[in-house]
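Asks: Take a look at the letters that make up each chain.
Number of protein chains: 2
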Amino acid sequence: MKLIKAEIIAIGDELLYGQIVDTNSHWISQELDLVGVKVVRKTTVGDNREDILAAFSEAERRADLILITGGLGPTQDDLTKALLAEYFGCGIVEVPEAVEAVTAFFKQRGREITPLNILQGHLPSCCTYVPNEVGTAPGMWFENNGVYWMSMPGVPHEMKKLMEDFVLPKLPSLFDLPVIYHKVIKTVGIGESWLADLIRAWENALPEHIRLAYLPSLGQVRLRLTAFGTDRKKLEQEVDAQIDLILPSIAEYVYGYDSESLESAIGNLLKNSGKTLALAESCTGGYISHLITSIAGSSAYFNGSVIPYHNQFKENILGVKGETLRTQGAVSEETVHEMAAGVRKLFGADFGLSSSGIAGPDGGSEEKPVGTVWIACSGEGFSEAKKLQLSRDRMLNIQVTGVAVLNLLRNCLIRNNK
Amino acid sequence: MKLIKAEIIAIGDELLYGQIVDTNSHWISQELDLVGVKVVRKTTVGDNREDILAAFSEAERRADLILITGGLGPTQDDLTKALLAEYFGCGIVEVPEAVEAVTAFFKQRGREITPLNILQGHLPSCCTYVPNEVGTAPGMWFENNGVYWMSMPGVPHEMKKLMEDFVLPKLPSLFDLPVIYHKVIKTVGIGESWLADLIRAWENALPEHIRLAYLPSLGQVRLRLTAFGTDRKKLEQEVDAQIDLILPSIAEYVYGYDSESLESAIGNLLKNSGKTLALAESCTGGYISHLITSIAGSSAYFNGSVIPYHNQFKENILGVKGETLRTQGAVSEETVHEMAAGVRKLFGADFGLSSSGIAGPDGGSEEKPVGTVWIACSGEGFSEAKKLQLSRDRMLNIQVTGVAVLNLLRNCLIRNNK
Numbered sequence: 119m120k121l122i123k124a125e126i127i128a129i130g131d132e133l134l135y136g137q138i139v140d141t142n143s144h145w146i147s148q149e150l151d152l153v154g155v156k157v158v159r160k161t162t163v164g165d166n167r168e169d170i171l172a173a174f175s176e177a178e179r180r181a182d183l184i185l186i187t188g189g190l191g192p193t194q195d196d197l198t199k200a201l202l203a204e205y206f207g208c209g210i211v212e213v214p215e216a217v218e219a220v221t222a223f224f225k226q227r228g229r230e231i232t233p234l235n236i237l238q239g240h241l242p243s244c245c246t247y248v249p250n251e252v253g254t255a256p257g258m259w260f261e262n263n264g265v266y267w268m269s270m271p272g273v274p275h276e277m278k279k280l281m282e283d284f285v286l287p288k289l290p291s292l293f294d295l296p297v298i299y300h301k302v303i304k305t306v307g308i309g310e311s312w313l314a315d316l317i318r319a320w321e322n323a324l325p326e327h328i329r330l331a332y333l334p335s336l337g338q339v340r341l342r343l344t345a346f347g348t349d350r351k352k353l354e355q356e357v358d359a360q361i362d363l364i365l366p367s368i369a370e371y372v373y374g375y376d377s378e379s380l381e382s383a384i385g386n387l388l389k390n391s392g393k394t395l396a397l398a399e400s401c402t403g404g405y406i407s408h409l410i411t412s413i414a415g416s417s418a419y420f421n422g423s424v425i426p427y428h429n430q431f432k433e434n435i436l437g438v439k440g441e442t443l444r445t446q447g448a449v450s451e452e453t454v455h456e457m458a459a460g461v462r463k464l465f466g467a468d469f470g471l472s473s474s475g476i477a478g479p480d481g482g483s484e485e486k487p488v489g490t491v492w493i494a495c496s497g498e499g500f501s502e503a504k505k506l507q508l509s510r511d512r513m514l515n516i517q518v519t520g521v522a523v524l525n526l527l528r529n530c531l532i533r534n535n536k
Numbered sequence: 119m120k121l122i123k124a125e126i127i128a129i130g131d132e133l134l135y136g137q138i139v140d141t142n143s144h145w146i147s148q149e150l151d152l153v154g155v156k157v158v159r160k161t162t163v164g165d166n167r168e169d170i171l172a173a174f175s176e177a178e179r180r181a182d183l184i185l186i187t188g189g190l191g192p193t194q195d196d197l198t199k200a201l202l203a204e205y206f207g208c209g210i211v212e213v214p215e216a217v218e219a220v221t222a223f224f225k226q227r228g229r230e231i232t233p234l235n236i237l238q239g240h241l242p243s244c245c246t247y248v249p250n251e252v253g254t255a256p257g258m259w260f261e262n263n264g265v266y267w268m269s270m271p272g273v274p275h276e277m278k279k280l281m282e283d284f285v286l287p288k289l290p291s292l293f294d295l296p297v298i299y300h301k302v303i304k305t306v307g308i309g310e311s312w313l314a315d316l317i318r319a320w321e322n323a324l325p326e327h328i329r330l331a332y333l334p335s336l337g338q339v340r341l342r343l344t345a346f347g348t349d350r351k352k353l354e355q356e357v358d359a360q361i362d363l364i365l366p367s368i369a370e371y372v373y374g375y376d377s378e379s380l381e382s383a384i385g386n387l388l389k390n391s392g393k394t395l396a397l398a399e400s401c402t403g404g405y406i407s408h409l410i411t412s413i414a415g416s417s418a419y420f421n422g423s424v425i426p427y428h429n430q431f432k433e434n435i436l437g438v439k440g441e442t443l444r445t446q447g448a449v450s451e452e453t454v455h456e457m458a459a460g461v462r463k464l465f466g467a468d469f470g471l472s473s474s475g476i477a478g479p480d481g482g483s484e485e486k487p488v489g490t491v492w493i494a495c496s497g498e499g500f501s502e503a504k505k506l507q508l509s510r511d512r513m514l515n516i517q518v519t520g521v522a523v524l525n526l527l528r529n530c531l532i533r534n535n536k
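For the protein sequence lines, the chains are A and B, in the order given. Plus 118 on top of the position in the first sequence (first one is 1) and you've got our numbering. Plus 118 on top of the position in the second sequence (first one is 1) and you've got our numbering.
Any given hint could turn out to be false.
A pair holds if it fits inside one copy or across any two, identical chains being indistinguishable in the list.
To be verified - Straight-line Cα separation of at most 20 Å, SDA-like style, residue types lysine to any residue; simulated pairs:
(1) K156 with V139
(2) K279 with F223
(3) K123 with Q137
(4) K120 with D169
(5) K463 with N434
(6) K279 with D151
(7) K278 with I138
(8) K123 with A172
(9) K279 with G136
(10) K463 with G437
(11) K463 with E433
(12) K278 with V139
(13) K304 with I138
(14) K301 with D151
(15) K389 with A418
(16) K389 with H428
(17) K279 with R510
(18) K120 with Y135
(19) K504 with Q338
(20) K123 with G136
(21) K304 with I317
What the hints contain is simulated information worked out from the structure, not anything from laboratory work.
With the hints as extra help, turn the sequences into a complete structure.
Replies: See below:
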């Protein structure tokens, strides 16, 4: 099987001057990787004739598939369409279907079409017109000397729609691609190197055609299994069998698969068990509540939160004992237990969660340096607390504490559902 | 003055397969733009000898300055150092200073150094060793045929430190660069096109050497003024004079300059006036509290929040009248007034803020469709509410409401300080 090589060319001055981040190339890379096309280069050039033509001819020598984004606006500084016509030596002609589409696009939105926009329906005669249902600049498909080219707008959702509706479905008919199957195991509460130690024997025994990648992020590690072959059904079964083999060793860390987030996994656990939740967030200042309520439907299991940013509110609103605060301090095991119990009672919830710590960068002491955080989870007949020793970076401390609190709740939920 | 051209080469398979986003190239672009160096191309290649050497020779033909990131790890798949030595035709030699630095780096962290890491102190004999104080892979500086090359690790904070400490300060001695002065005016509460209408006459009358860019983001528009010349002091004065000219027309929308965020601007307003704040967040679910508490020192003016995710808690904890909820509903002007007043009282704060809305994607009605949001700000002797009609996108609705609430508070603060 021949390796299929792709090159991505992003066009636009705004990409070179750092005014916008090119998220398109990253997304395209991921999608091509998933179908077994190898991206060999990404190139970004400005709105400049010589630079764009040079990028075209360099790419043609290297790649079987060239994906171009940007430079398709109606104004004069956008050159991609004219230069593609020049590069392939063909003229630009009116494509009635394309003119109709752009006219309809404006009409639908109750806006007058301008002569400049009508010209967006004029295309190189050597391209295949690819309708863009969500914008005004059409996609253009070229085939030349065995190399396939697709030109797409730089607007991310327009590019994605053209890739998903046209380019990605077309690839299997153009190239002899391997069948690839991916499955991502999502873990929390264990560091990358500890996880690697736990699964080393299994990893080393994986068959040649199944590969493992560690993808770490804040407090979490994703394990991506990629299987290559010819029969998708068989690959799925093989990958699932491998996961069944390793799962008993890592089950306590696995919260979900593929694109599921920790907050949505927890939402499902709560929903399925009919339980509700309340939070008392001190050092995390609303961050965890925000994660939980970012999930649609979270009102089914989230009752509410209190953010008591001073001791008096921990006392008055949540019922933390004045003596506890005086003798143990706000950042202490006893305080987070009482905060979790208090907020649970206030909102009549099944579970109460709490956080209290020194987020930084200032405010630490010898005994409790910046980055000292206590968290707790309280429920019917139990309360569990945990101490974290984090960094001097305020935002990092907030985010890592958020993951730790969610994972503490997850463990409490699993134990209580047994 | 000759235009100085730069090219950025990012090296690493993980960039081509979409496993990580290349934020380095974007950051470097911005920094070079600020000092008047023009980035003419960004190239990403994998860990492959031929591809990397091709990228080197292509870049050398185009650029005066070549900045390379990545491929400097101690393992065999990292090729950058060996290929730079090969490209410039020199050997790799032990650099005692560099070996010492990497040894000290490990010792400081209480870790054993490995033979592989010691080799990170061996460098091409034709390069200038540039110490990396925050990592193990040194920077390497080359000068060849009038082109300057810098090779840096791909780890963002290591690259940034080398750029800030070494590359950026060095540029003025290498190239005849223009003096460039930027100032960013940060506005909130007005859309890009309305703002453009307001300042059109002023914009058209700007002198040739001062340029204006509109940089819109969620609910905010930044106006970037860039002045080109030879005398920095004079450019600063000219830009400030231009800002003085336009400020009276847009003052109500301007909350700060350059890198100041809306939440930190509001923090300063509160701190300077000695006032405190409390929030009742329903549809924003903790997002605004999170923004406010992400600012170090916010405990000086932030008392706390309640997130009452069900009507009973709006009633029990915040004292919203049951009748109001029954007759007007939770998403109503009267409810957000009562929520803001209630939370202000609960936390004994000078200002109370509230949000209540239908964040979506489900839960709307004919009368109150998804995206209907009410917000309020309450203080001594006043209460002000505002209705927003937003989209079907839950996260977008939360974020736009956050900006609107902060801006409502800003306006209340300014009016009350007069």
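Asks: Does each hint hold? Answer for all of them.
Replies: A quick look at each hint next to the structure:
| no. | hint | in the structure |
| --- | --- | --- |
| 1 | K156 with V139 | between (23 Å within a copy, 17 Å between copies) |
| 2 | K279 with F223 | within (16 Å within a copy, 48 Å between copies) |
| 3 | K123 with Q137 | between (29 Å within a copy, 18 Å between copies) |
| 4 | K120 with D169 | between (30 Å within a copy, 18 Å between copies) |
| 5 | K463 with N434 | both (13 Å within a copy, 13 Å between copies) |
| 6 | K279 with D151 | within (18 Å within a copy, 32 Å between copies) |
| 7 | K278 with I138 | both (17 Å within a copy, 19 Å between copies) |
| 8 | K123 with A172 | both (19 Å within a copy, 16 Å between copies) |
| 9 | K279 with G136 | between (25 Å within a copy, 18 Å between copies) |
| 10 | K463 with G437 | both (10 Å within a copy, 18 Å between copies) |
| 11 | K463 with E433 | both (14 Å within a copy, 16 Å between copies) |
| 12 | K278 with V139 | both (16 Å within a copy, 17 Å between copies) |
| 13 | K304 with I138 | between (31 Å within a copy, 17 Å between copies) |
| 14 | K301 with D151 | within (13 Å within a copy, 41 Å between copies) |
| 15 | K389 with A418 | within (7 Å within a copy, 38 Å between copies) |
| 16 | K389 with H428 | between (32 Å within a copy, 16 Å between copies) |
| 17 | K279 with R510 | between (42 Å within a copy, 18 Å between copies) |
| 18 | K120 with Y135 | between (38 Å within a copy, 18 Å between copies) |
| 19 | K504 with Q338 | within (18 Å within a copy, 40 Å between copies) |
| 20 | K123 with G136 | between (28 Å within a copy, 15 Å between copies) |
| 21 | K304 with I317 | within (14 Å within a copy, 51 Å between copies) |
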